[in-house]
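J.: Quick mapping for you: the protein sequence lines, in order, are chains A and B.
The opening position of the first sequence corresponds to residue 1 in this note's numbering, with each subsequent residue numbered one higher.
The opening position of the second sequence corresponds to residue 1001 in this note's numbering, with each subsequent residue numbered one higher.
Hints are computed from structural coordinates only; laboratory data are not their basis.
It is possible that some hints are incorrect.
What the hints assert, rightly or not - Derived DEER-like restraints, expressed as beta-carbon distance ranges:
1) A:20 with B:1132: 50 to 56 Å
2) B:1114 with A:131: 43 to 49 Å
3) A:401 with B:1232: 52 to 58 Å
4) B:1264 with A:20: 32 to 38 Å
5) A:338 with B:1128: 31 to 37 Å
6) B:1115 with A:144: 35 to 41 Å
7) B:1135 with A:338: 45 to 51 Å
8) A:358 with B:1128: 30 to 36 Å
9) A:363 with B:1120: 28 to 34 Å
10) B:1120 with A:427: 35 to 41 Å
11) A:131 with B:1281: 38 to 44 Å
The C-beta atom is built at its ideal place from N, Cα and C for all residues, glycine as well.
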Amino acid sequence: MTDSASPLLRLEDLSVAFDGRPAAVDGVSLRIDPGEVVGLVGRSGSGKTLTALSILGLLPRGAKITGGSIRYRGSELVGADDGTLRGIRGAEIGLVFQDPLSALHPALPVEHQVVEGLAWTQGRSPKRARTEARSLLDRVHAPDPETWGPRLPHEWSGGMRQRALLAMAMARDPALLIVDEPTTALDVTLQAQILSDLEELRSRRDLSILLITHDLGVVAELAHRVVVMDRGRIVETAEIEEIFDSPRAGATRFLLEGRLPASGASGDVADAGGPTRNAGGGTTPAAPLLDVRELTVRIGDVPVVESVDLRLPRGGTLALVGESGCGKSTIARALVGLEDGASGHVLLGGHDVLAAPPQRLRSIRRSIQLVWQDPFASLNPRRRIGWAVERPLRIHRLAGGVEARRRALELLDRVRLPRSYARRYPHELSGGERQRVAIARALSVEPDLLILDEPFSALDAALRRGLLKLLGELREDLGFACLLVSHDLSLVRAAAERVAVVYLGRIVEEGRIGAVFSSPRHPYTAALLSAVPVDHPRDRGKRRRIILEGDVPSPASRPSGCEFRTRCHKTRPECSTRLPPLDAPGPTSDPHSFRCFFPVQGR
Amino acid sequence: MDEGSVDRRAHVDVDGFPRGPRIGRTRAGVVLAGATLLLGIGAPWIAPYDPHLIVGPSLEAPSATHWMGTDALGRDLWSGVVWGARTSWMVGLATALLTALLGAPVGIAAGLGGGRTDDLLMRGTEFFQTLPRFFLAILVIALFGAGADRIVLVLALTSWTGTARVVRSEVLSLREHDFVRAARASGASGMQIAAGEILPNVLPLVTVLFGLAVGRVMLVEASLSFLGLGDPSLLSWGALAGQGQAFLRSAWWLATFPGAAIAVSVLGLNLVGDGLNRRLESST
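Working from the sequences, and respecting the hints, build out all of it.
T.: Encoded structure:
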């Protein structure tokens, strides 16, 4: 990392263009020293992935390097023949792909794929290859390689697959690792695991890492230096602390401002919303808008959601948090009657959603609207935006023809999209814009309850804040209640009043955001909170991090007693004997309940 | 909006299909199939002679007066091929239309309905799939006599199943999409979902299947006519080729030109179908 050392990789004035178009990467220069972690940051479409792919000569069809040089240990890679590049790929520079599912061959055992590179280049015997694969998997902390190695990728969970990709990239012991959005698809606990794996690999093997991401939180955890790209150009290069302390470029500030604080006071957004937000902090005696009792959802014979109780007052906001696969989205879908295996009671304004006959259910659905996770999938690709926004109005025969069109345009105004967008198709819109459309569509029928299922997880971190603010304002104007399903704790902190933590389909802790986040009582909540990336690189290593090892157990084979005990860092023998009840200690008007015999003591 | 522009460009670029040569092939298909279609439409004006009349010496080789030569009776083959185009296209289009009209609704209903509806419709589909097409055609002709309308019905009854199955599997994947769930969650009925969300998404697929079906039906119709099972009152490429095969050594043109006409039309239709299919795949 000293300045005198010759750089491992040096890009100078690199330009990449798709034929006949302006440069997508325009005069990029950067260097990576041995053992250094460089963060390449920018919003999506800024050219960071193209830059990385050009290093390995893996540009997509139609894209070409139009100028500049790429030097690896002094030798030029631009224009190098295929043999040279093949010698570099894998052996010198490893690449970890963004999407762990599509980067793995679905029909080959994972361990086989991990050492494929070795088998091709060094002709390993199958037996030796297998042993090496398992030791590689072990090195990236993939649990139990003996059992899991021979299995197929779809049997692996998302976090484990990401580790398999890491093992694959490390198989030939490269000097530089290019990691493309390593944790974007993962929730906080897995993100923390992968980041600590990367840090461990780096410090043990003097590995250099080029870390590509839009999330400055990931960078704050790991990088030494940050390069910020915007519209194909480098707009800022600085040491990590400097980026956070005194960002110079507008694009950097945009990325920084989009971040939601991981700790500290809860955000501006929840404060902005909610007409029924009771200033006195007392109880609301009125019947709640949503009253869920003993909700159980079975898929086949497996209970993926187990006797969940929830209450949400009119205009209130409640967040469901937990790792992916914990059942929080299933709960949300069950609330609108989209889960066939749901039993129990879901009372919305006194009417039971689960017991409602089809006709009744359709009208209940008017008052609950959903905003879906993936704005790319939730809009019909062959229908115009205007049609999509009018759709619920027509379904419920609230308006038709000119009237529906007028209301749709007003809704576009409300979500701050130009009215001309009504005539566009979804593919002409960016992810953030589509999510605004999804919100407009949901609000068209003036619902009492808006369910947001991971509303921003498919979007750049920088866009989240804007959308969140918009939601807060809409809530203030229209007074709907919000159920937010998310694994993003900083988002939850900024947006909700109460939070319920879900583990293995059960609520393990519930209370006011402030209480739960500042003094979590359940060890799982504490672990989740500690896994959130730091706000600022100077806090790196300061926080005591509880890394949750492994994945959520399968709901088909729930552990006896406390279901969290298999991953809990403070488990005791008593924990396996019976399930702790969800209790709030002491009489209180503002319950903070949790399901643990040995709760974490308040800070 | 600031969040938009860059993202969108990246999307188009990364797809980066080399579009040139494929469009070329599709165009070639349009030209080939279009040419024979025009022949069929304009037959009364394009054909120089009445194809049923004796207008020259028998078995005359292609010449300036008879472009494709004459048959054993001295009828003009070019006129026959031109009128044959009309038959082939009529049978092809009518059958493909029936196929789409039968197959698409069944496929959508089965895919969207699921459960019992799906079982019932699919078992029905399988029943029709097991019908031997030629045997059924021969049976119908034996019972009711030959005729273009009967051939269309028989062919449509035995080919709508393919469309139904393909549409059903497309619907099965579509209905898991969030936009369909979103419609369900906002209270849309089955019919509203079928018409509003599903139909526009399967329409391009049905169009592709339609194009390919026209070509396939032309081939089957030609085979039936070749075997003498076609409509005797209509000129057909298959029938012309069938009559010509007796003279294969002495008068090569009699079987060659009708055969080439079949080949050109089917090739053209398949190229168009393929091109549309690729457009469809790259747009989703």
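J.: Against each hint, give a clear statement of whether it holds in the structure.
T.: We went through each hint and held it up to the structure:
1. A:20 with B:1132: 50 to 56 Å: About 54 Å separates the Cβ atoms of residue 20 (chain A) and residue 1132 (chain B), which means 50 to 56 Å holds.
2. B:1114 with A:131: 43 to 49 Å: Given a distance of about 47 Å, which is inside 43 to 49 Å, the answer is holds.
3. A:401 with B:1232: 52 to 58 Å: holds (55 Å)
4. B:1264 with A:20: 32 to 38 Å: holds (35 Å)
5. A:338 with B:1128: 31 to 37 Å: holds (34 Å)
6. B:1115 with A:144: 35 to 41 Å: holds (40 Å)
7. B:1135 with A:338: 45 to 51 Å: holds (47 Å)
8. A:358 with B:1128: 30 to 36 Å: The hint (30 to 36 Å, Cβ to Cβ) holds, given that residue 358 (chain A) and residue 1128 (chain B) are roughly 32 Å apart.
9. A:363 with B:1120: 28 to 34 Å: About 30 Å separates the Cβ atoms of residue 363 (chain A) and residue 1120 (chain B), which means 28 to 34 Å holds.
10. B:1120 with A:427: 35 to 41 Å: holds (37 Å)
11. A:131 with B:1281: 38 to 44 Å: holds (42 Å)
The structure fails none of the hints (numbered hints given earlier).
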